[in-house]
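Novice: Below are the chains, spelled out letter by letter.
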Amino acid sequence: SQQEEEDPQALSIQEGENATMNCSYKTSINNLQWYRQNSGRGLVHLILIRSNEREKHSGRLRVTLDTSKKSSSLLITASRAADTASYFCATPLSNDYKLSFGAGTTVTVRA
Amino acid sequence: GAGVSQSPSNKVTEKGKDVELRCDPISGHTALYWYRQSLGQGLEFLIYFQGNSAPDKSGLPSDRFSAERTGGSVSTLTIQRTQQEDSAVYLCASSLRGRSTDTQYFGPGTRLTVL
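As you go down the protein sequences, you meet chains D and C in turn.
So that you can map any letter, position 25 of the first sequence is 84 in the working numbering, and since no number is skipped, the others follow by simple counting.
So that you can map any letter, position 111 of the second sequence is 341 in the working numbering, and since no number is skipped, the others follow by simple counting.
Each hint should be verified, as a subset may be incorrect.
[Unchecked claim] Computed Cβ-Cβ distance ranges for the label pairs, DEER-style: (1) C:D248 <-> D:Q62: 45 to 53 Å; (2) C:T306 <-> D:A141: 29 to 37 Å; (3) C:S235 <-> D:R113: 22 to 30 Å; (4) C:S235 <-> D:R109: 29 to 37 Å; (5) C:G302 <-> D:V103: 23 to 31 Å; (6) D:E74 <-> C:G233: 34 to 42 Å; (7) D:A170 <-> C:S283: 44 to 52 Å; (8) C:K287 <-> D:K85: 18 to 26 Å; (9) D:Q73 <-> C:D248: 28 to 36 Å; (10) C:T308 <-> D:S87: 33 to 41 Å.
Just so you know, the hints here were simulated from the structure itself, not pulled from any lab data.
By construction, the Cβ of each residue, glycine as well, lies at the ideal position given by its N, Cα and C atoms.
In isolation and in its complexed conformation, chain D is listed as follows (with noise of 0.2 Å):
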């Protein structure tokens, strides 16, 4: 079963707009990664930021990690209509090298 949860399920804005996705999970993580999918296809890795970290950037993302309340976020800023695609996020499961994915985060950005 998926340890992660990911809110909202879907999400809608206008171009230039930020959009904000959380994922909760369960258990203990050393590493939470964020994972970009467009049409139904294969999966684009986003960003990993570890366990000690609590803020890291890529480009026009910033992901935060409170490893307390067991939970991250994806910010996009000044979103563009290329960034219409589903969103998960991923834990490794104990044994290391498994990832748990989440549901997904369905992002839709209007012209």
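For this one, chain D is given, so just place chain C on it according to the hints.
Specialist: Structure of chain C alone, referenced to chain D:
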């Protein structure tokens, strides 16, 4: 190759038939994963290969599912006697060493439809 490739991109089959899905990982990546994604869902882990070690098959949903990885490179996922509930997108990913901190590089997936 430049990325992970999968074939076919789409497969439509009749219930009861066998299907084979192929994955070519990134050259040099020792770890290979198969996932299944049903409509609107997250990824369900199926199987993991790492080098010459015995694969982790713990995610395979039934004995109708099997997978091989020949020569530490190409992998084939076989589904025997397909059922309608097998309809999904099957995704393959590879990573350099198979550690959780390694980026997984995904192929475009095979969309399987069982009629």
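Novice: Going through the earlier hints one by one, which of them does the structure break, listed in rising order?
Specialist: 1, 3, 6 and 9
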